[in-house]
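Chemist: Residue strings, one per chain:
Number of protein chains: 2
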Amino acid sequence: MKKYSDLYQIISQEIKLTQYAETPTELYEPISYMMSLGGKRLRPVLVLMACQMFDADVSKALNAAHAIEVFHNFTLVHDDIMDNAPLRRGQQTVYTKWNMPIAILSGDLMMIKATQLLCKTESNQLKSLLEIFNKAAIEVCEGQQIDMNFETRNDVSHDEYINMIGLKTSVLLAASLQIGAKIGGASDEDAQYLYDFGKNMGIAFQIQDDILDSFGEGDKVGKKIGGDIVSNKKTLLLIELLEACNKDDKKFVTENLLFESDIDKKINGMLHLYKKYQVKEFAENMKNKYMNLAFASLEVVNTINEAKLILKHTAQELMTRMS
Amino acid sequence: MKKYSDLYQIISQEIKLTQYAETPTELYEPISYMMSLGGKRLRPVLVLMACQMFDADVSKALNAAHAIEVFHNFTLVHDDIMDNAPLRRGQQTVYTKWNMPIAILSGDLMMIKATQLLCKTESNQLKSLLEIFNKAAIEVCEGQQIDMNFETRNDVSHDEYINMIGLKTSVLLAASLQIGAKIGGASDEDAQYLYDFGKNMGIAFQIQDDILDSFGEGDKVGKKIGGDIVSNKKTLLLIELLEACNKDDKKFVTENLLFESDIDKKINGMLHLYKKYQVKEFAENMKNKYMNLAFASLEVVNTINEAKLILKHTAQELMTRMS
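Here the protein sequences come in this chain order: A and B. Take 1 as the starting number for the first sequence in the working numbering and just add one per residue. Take 1 as the starting number for the second sequence in the working numbering and just add one per residue.
Hints are computed from structural coordinates only; laboratory data are not their basis. Source: prediction; values computed, not measured. Here a beta-carbon is modelled for each residue, glycine too, at the ideal position from N, C-alpha and C. Do not take every clue at face value.
Cβ-Cβ distance ranges computed for the label pairs, FRET-style [claimed, not checked]:
no., chain 1, residue 1, chain 2, residue 2, range
1, B, Ile263, A, Asn99, 39 to 45 Å
2, B, His158, A, Asn154, 33 to 39 Å
3, B, Gly38, A, Val230, 42 to 48 Å
4, B, Asp55, A, Asn302, 40 to 46 Å
5, B, Thr25, A, Gly39, 51 to 57 Å
6, A, Asn154, B, Glu22, 46 to 52 Å
7, B, Ser5, A, Thr18, 42 to 48 Å
8, B, Glu122, A, Ile304, 56 to 62 Å
9, B, Gln91, A, Gln125, 41 to 47 Å
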């Protein structure tokens, strides 16, 4: 059975060999550029991995895998405009390398290309694959909007946060697995269990991401520690802090720390409170809860153990590599 | 058989009764707003009209008709950002009424919703409907990019222009007819003839639009005369002028008139040259050529004459109402 690295090779090759139309160049160059920036290719690998749990011939899921990766990159192109982000994977974002209209339009085109790729799937279940895909795509947009709404709020609850990251991050991982499983011939039930696995695992990944941004070792994580703190991002840590702390500390956070312009002072001040209220431990518990939920769903999927183990190890490795 | 006004009622009612999700409101309110702004609903009516040429039960094409209208409005939401347009159908654009991130994201969501609606079509030809739709959607994006590229060019050829409006404007009209016809049970050949009818008719509509912007009666057209001239839009008139005029006049246009800040002087100067070089007559001839091509395609469609006449009259009325 193929492991992450094998499946990564397959999808990377597919993406690399894809030729887009030549004109208008302003529209197609940004797409080739964005798709060449690389990354873990986690979502398409999950499509292939879920397919091979039920059918060794992963080639039949290749178009769907590619579709999901193009869709994911479309969301990044548009998110980068909305977030005014200058860099993506260490390179200029489409928005800064070209301009805003081109980033909007090439993103739009990627979204359509994603559907077009999915439609190439040889399956008598195309309608149901599209339903899963469209539902997830809509939820990703909803998640992005809810996340933007959080920026101006200091009263976000744990539930609201979990709901948001579920939509913004997890449903696409979940749908990748569900689509791959269905292409492989899984029963609706098994495909749904894999969806649940992906949904809960995605939430755990995001919580881990939140933790590492404040408590990781900078070099290992590959980015500077405290970025979320500096940008006042409503992570699970900040949300838990605002919920758990006493009145004075809350006042200090919402009236001083969030507006502190001295970056080191801001990060240290926030980390001090995170430790005081043990928010890291809270987040670790929450993460473990969702990981356990994920593994429980995987357990009941009706396939050979080896296939489950590959998926489980992938999840664990990702979690470890990030820690 | 149902006429434009009957079919308009059916699709308007369908759009009016559609309830979007309630949250996040920032994402769904702009969609409801945009869909409520009205308009001729030409594309969805064409879907229904093409369906009834082969099957009296137009209800089976209603989701597809709705899908095309949502897609069309998605392109308007994003185009308005790219064009910095403050108004759309006399109302604020989504971009100005809310903001840019919301206009990007709600537009994205409309694009996905369009595919979702199309997928609701009960048809054993869903894959082929999606192929027609995705191809047209991609071409609309290409047309928009090529149109933006024209802004900085003074050497656009007639062929390039016809290609651009074909993509930006016509293919969606054409695809509307092809999709409706296929849902109604037309042969691939007949559906293709209707596509060709729509493609050529769309080009004729756009040329008529270009003519009216410079030579229409302001009150009838419903907008101020000369808008295209003021914004240096590369219409067929301007393209033909730059192609047909002598060296001195070309120099005057490209070095003076295009930069003239006195609006009346600019419009009058350009109209004077349009008359001198008979560009209106040139454009009328071109328009008639495409209208005739369109009607020739319609002629050979294998259906009863009454059905063809309804479509023909619709095209003629639209052309007259605009004149």
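Chemist: Each hint: holds or not?
Modeler: Hint check results:
no., hint, verdict
1, B:Ile263 - A:Asn99: 39 to 45 Å, "28 Å, violated"
2, B:His158 - A:Asn154: 33 to 39 Å, "60 Å, violated"
3, B:Gly38 - A:Val230: 42 to 48 Å, "46 Å, holds"
4, B:Asp55 - A:Asn302: 40 to 46 Å, "43 Å, holds"
5, B:Thr25 - A:Gly39: 51 to 57 Å, "33 Å, violated"
6, A:Asn154 - B:Glu22: 46 to 52 Å, "24 Å, violated"
7, B:Ser5 - A:Thr18: 42 to 48 Å, "47 Å, holds"
8, B:Glu122 - A:Ile304: 56 to 62 Å, "38 Å, violated"
9, B:Gln91 - A:Gln125: 41 to 47 Å, "42 Å, holds"
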